[in-house]
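Novice: Chain A is fixed; fit chain B onto it per the hints.
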Amino acid sequence: SYELTQPPSVSVSPGQTARITCSGGQLGDKYVCWYQLRPGQSPVLVVQRDDKRPSGVPERFSGSNSGGTATLTISATQPVDEGDYFCQVWDSNLAVFGTGTKVTVL
Amino acid sequence: EVQLVQSGAEVKKPGESLKISCKGVGYKFSSFWIVWVRQMPGRGLEWMGIVYPGDSDSRYGPSFEDQVTFSVDQSNDIAYLHWTSLKTSDTATYYCARSYGVAVAGTGMDVWGQGTTVIVSS
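One line per chain: the protein sequences are A and B, in this order. The opening position of the first sequence corresponds to residue 1 in this note's numbering, with each subsequent residue numbered one higher. The opening position of the second sequence corresponds to residue 107 in this note's numbering, with each subsequent residue numbered one higher.
Bound-form chain A, shown alone:
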């Protein structure tokens, strides 16, 4: 089955840029979505179709997908951005989530 690998954790200082990677076989041939999961809350879609922000998502969230790696970038990171982030793709009509990355804003 298809697998997506993310780093377990990323630490960033407030106001700095956080980059979260997602790796998978021929990932550049698929569309990638990203979800934010904050403690005690439901997941929120922050990027779809590799680099499209849904309505209401702050502009500091951006995405890219090239080769075998997709990247979620959080610019000017704020304490409210702390949480877990998951990438997701469709493979053979089934959805697959990445392993997840915990973002800590120190």
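Simulated from the structure, these hints should not be mistaken for laboratory data. Predicted model only: the values in this text are computed from it and were never measured. For each residue, glycine too, the CB sits at the ideal point set by N, CA and C. Just to be clear, a hint being listed does not mean it is correct.
Claimed, not checked - Which chain A residues stay away from chain B? Per the calculated CB distances, all over 12 Å, these:
#1 12
#2 13
#3 17
#4 19
#5 21
#6 25
#7 26
#8 54
#9 58
#10 76
#11 78
#12 80
#13 93
#14 106
Unchecked claim - Cβ-to-Cβ under 7 Å is the rule here; a few derived chain A residues that face chain B:
#15 5
#16 31
#17 48
#18 86
Specialist: Positioned in the frame of chain A, the structure of chain B alone reads:
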């Protein structure tokens, strides 16, 4: 406002059956897929499968085939996730989410329920 409203927390014993629900509000329920996602304690998100309320077409993730069943009450815009015999390993939070499905390439799960916590313990 577009919402998915899930049923409340459950505490069950191993071997018992359970059905949890997810009600669509504020949109045409039959036109979007409903995804079910599991989050076990301290773990990541797992895609359980997807059901289309319009015709109850369902697809299950490899780990969930024969473990759970999806169903839909079209009259009341409710999707259900059903277990016939719970295990302690089913302890988790379960989310439903709205999706355009694979047909609309690259779109994400844009509306999520608040989650239902299921605890299975003897």
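Novice: Going through the numbered hints above, which ones does this structure break? Give me the numbers in ascending order.
Specialist: 8, 13, 15
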